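Chemist: Below, each chain spelled out in residue letters.
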Amino acid sequence: MPPKKQFSPDFCPLPSIQKHVKEVDLILESVILNHLSESIILCGPSGCGKSVIVHEALLPYSTDKKLQAAHQIVHIDGATHCELGACVDAILSQLQPNKIRLRPNGSVVGTAAEKLKELTDALAGVSTRTGKKAVVFVIDQLENFVEQKNQLLLYSLFDSAREQDLPICVIGLSTVLDVLEKMEKRVKSRFSQRVMTVVGNLFADVEDFSTAVRFMLERRLPDWPENVPDIAAIVLEPACIALVNRLFESRKDWQAVNMLVEIIAAARDPNLVDVPEPATFYGRVSDFFFADPTQRLIRDLPHLHLTLLLCCFEFVDTQQEDTFNYVMIQELYATSTRQKTRSVKFGETFVRGAFFELVDYGLLRPTTTKPRNEPQRYHSLSLGVSKYQLRGALKESDLGSLPTDLRQWCEAHM
Amino acid sequence: MSVGKRRALQQPTQQNVTPKRAKTPENLPIESLLFRDPEFLHLTNLIESSTLRCPLYVTGTIGCGKTFLLNEIRRQSDHIPFAFVDCDTSPSEADVVRRIISELEPFYGIDQEEELDEIPSAKAPSTVADVRKFLSTQLDDDEPLRSVIVLDGIEQLTKGVELLTKLILLLHVGTIRLTLVLTGRMPWRNFAFGHPGLGDVVEFHLPCFSKKELIELLLLTFDVPVTKDKDLIALEALEALEAAYCRLIVDTFYPVTKDVGLLRSLAHKHLPTFIRPIRDGKLQPQQTDGLFRAFLPILAAEVHGKPTSLPNEKKSALPVTAPVHLRYVLIAAFLCSYNPSQADARMVAKRHDRVKKANQTPTKKAKDKRLTVHGPQAFSFERLCSNFLSLTADLDVKVCMFQLQAHVKTLCDVRLLARIGHEESLDHPKFKCVCEKSAVQRVAASLDLDLNRYLIDLV
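In the order they appear, the protein sequences are chains A and B. Counting in this note's numbering, the first sequence runs from 51 upward without gaps. Counting in this note's numbering, the second sequence runs from -18 upward without gaps.
Hints in this document: simulated from the structure, not taken from any laboratory. Computed from a predicted model, the values in this text were never measured in an experiment. There may be inaccurate statements among the hints.
Straight-line distance between alpha carbons at most 30 Å, and here's what the computed DSS-like set of lysine-lysine pairs gives [what the hints assert, rightly or not]:
#1 B:K250 <-> A:K445
#2 B:K147 <-> A:K232
#3 A:K437 <-> B:K192
#4 B:K263 <-> B:K250
#5 A:K232 <-> B:K250
#6 B:K140 <-> A:K199
#7 B:K250 <-> A:K238
#8 A:K238 <-> A:K199
Chain B is nowhere near these chain A residues, computed Cβ spacing over 10 Å in every case [stated by the list, open to error]:
#9 C62
#10 L64
#11 E79
#12 E257
#13 E312
Built from N, CA and C at the ideal position, the CB exists for glycine as well.
Construct the entire structure; sequences and hints are all you get.
Modeler: Written out as structure tokens, the structure reads:
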């Protein structure tokens, strides 16, 4: 009989996540209880809840003593075990920790081929030693194994399961959606073709999203003081509802929930008993998600830097040139300030420093091809800083202090 | 903590006013944390969070206090294993990894020398996998420590994207408890553009200080060297003088920089000049108007980048030492690059002193403006010779053609001229003058020429 599903307190019982857990649970049931061979890939961006789903699906099997003997879980991580040798070492050290011979540096003795043979034997040994014992492989960052030469590890696992009829379950977690397409034909044919996309339907509506935020907040702040409104009331604040709604419209993933919760938790002062003014508080939190960092950077720029940036835009606009070098912009700046008698004319040291600080800020990019025997050229990429961002930043600036021709250009084009 | 209280706690030592910015927490004054209480609290809470699973990216303009704020958090969170890596000094992956492990080892009670003695064949750590191994081995306790790695100035990293991708992947390894904090000047989207492996971060923007805050910071961190004269100067007058001086420095340089460290160094650089009349006994501290009158020309020279009129300061000797003909060749080359060839006869050859501004129609001026702004144009050797001979027509000593060729070669060698086309083509070579205008202006001034009078744009 399959164990009754009991979720851990760390699990957010959203219907969509429960559905995913049940799906993985069915696969585990067929492997651990019915001794079949299965495989599945969970796809979704980082932090969307793949690991939680697998963890929740495995939980009943890990806690039940009877079922514990019927399976063994092997965790591998493509981030750190992407080399074949290191990966097989990690598997062997989990499968049969007492049998393997280790080198002084911690690796298993033998060549890669010998290790693969040992792995196959070990898998067969685990299954036959004590009857049909299932082995569940949880492979994080699966895409790193797919990028391996010949995809030997995946091939060995799938082939062992098929040829020797072993109860092996391979659960791959990947952030790459088309990871299946990248598999070799021989690997793909041995895989069960079951791919679960987690991100697509994680939160059915904003209510689900709000529930997740509240659940995570309660988990994150277990020591919430009793004499202030509880988290449920905080989440029902109009400012918070507006923020959650806006976030749901732009980002519908689990990582957004995590980030929101972390930022809310960190923004409050644990030593302060009073809850801050909600509108101010959530306004600050909202800045983390919706304030444009480039605009904030431009607003913080000193006057000289802003003038030079505008010179660059004016140059591109009026001269119909894509690239420019420092001398051209410096000359344009000198021409502009010459026309304005009242403006402060800064020395070349400052102008040069300001120009190269703009490069440091990523607002100007050096061109990849440097002309021979000529100064480095730069361009302002629209993806780095666009006219719209510049316009937004200039709204709060005082254009009156700019040189006349630059101000006129700004008024005409911004 | 209030400004006054912090000021009272401050020990006015000379160490606090080091002009050069140091990055170690011991060398930085505590009062820089003024006006940063909300940011300090928020950032500390984020760093100490045990559930944060994505990197924290602290960004802001130069000198807004990113490094100092993180160093202060490190100093106050001394119970957390903290590795602070300055990417300026440790740009490669091996450097970063070695620094991380060496900084974390004391927190885990490991003596590096002992460790190496135990395993004589152990390889020095050099890859992120070594960091993972190191952090994984520290999991024996029931409650493993959460380590914090700070990479300061990630733009300085060589192959930074690859290294950061590997480090960010460590955050998703379930068995490792790690917080990764990155600092940089550019917005994260600009840095990570085109690199999907870098993923999302919590971007923490540190706003720059306002003018008022900068004055306060400068005033508080400012240890007045006139302390020797305290017996001569009343304390109140001294404080008023300090405040006026700091306000003047910030007001003057605020349009150029908001960097606290740079403003502090500028203030200390000019202070001896500012108080010289007091030291000489010519003025009293209360006579701020007189002090400003004496000081403003020097400050204006600093802002405009002109050499100051200080008696002990030596001017650059470079334009004077170069041969006269070489300097004329450079000026001729510059004029070839920034004047249209049709204008040579009018601007350089003759009657250049008679060209009046009124003669230029607006249309003509707008059309010619492209030349100066557009950067150097290519010119032929013959045109250079023509301009050179026009410029040196009034000189007694004439120059031979081979000397002219040698001068051109010299200028090409020192990268003031750039040769266009193949090096092998000796026939009809083309050049561009890649020297900056200010340098050529200095050279022209050494020959008593006004460069602007020869440029068609500026007539």
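Chemist: Grab the minimum beta-carbon distance between A:E312 and chain B and tell me whether it stays above 10 Å.
Modeler: 5 Å, violated
Chemist: Determine whether the non-interface label on A:E257 survives the test: each CB of chain B must be over 10 Å from its CB.
Modeler: 24 Å, holds
Chemist: So if I understand the rule, the pair passes when the alpha-carbon distance is 30 Å or less; does A:K437 with B:K192 pass?
Modeler: Holds, at roughly 27 Å.
Chemist: Is B:K263 within 30 Å of B:K250, Cα to Cα?
Modeler: Holds, at roughly 21 Å.
Chemist: Given the hinted pair B:K147 and A:K232, is their alpha-carbon gap at most 30 Å?
Modeler: 21 Å, holds
Chemist: Could you check that no beta carbon of chain B comes within 10 Å of the beta carbon of A:L64?
Modeler: 18 Å, holds
Chemist: Sort out whether B:K250 lies within 30 Å of A:K232, counting only the CA atoms.
Modeler: 62 Å, violated
Chemist: Does B:K250 pair with A:K445 here, judged by a C-alpha cut-off of 30 Å?
Modeler: 36 Å, violated
Chemist: Given the hinted pair B:K250 and A:K238, is their Cα-Cα distance within 30 Å?
Modeler: With Cα atoms ~70 Å apart, B:K250 and A:K238 exceed 30 Å; violated.
Chemist: Holds or violated: is the Cβ of A:C62 farther than 10 Å from all Cβ atoms of chain B?
Modeler: 13 Å, holds
Chemist: Minimum Cβ separation between A:E79 and chain B greater than 10 Å?
Modeler: With a cut-off of 10 Å, A:E79 remains clear of chain B, as the shortest Cβ separation is near 24 Å.
Chemist: Given the hint that A:K238 pairs with A:K199, test it: the Cα-Cα distance must not exceed 30 Å.
Modeler: Holds, because 15 Å separates the two Cα atoms, which is no more than 30 Å.
Violation of the numbered hints given earlier is confined to hints 1, 5, 7 and 13; the remaining hints are satisfied by the structure.
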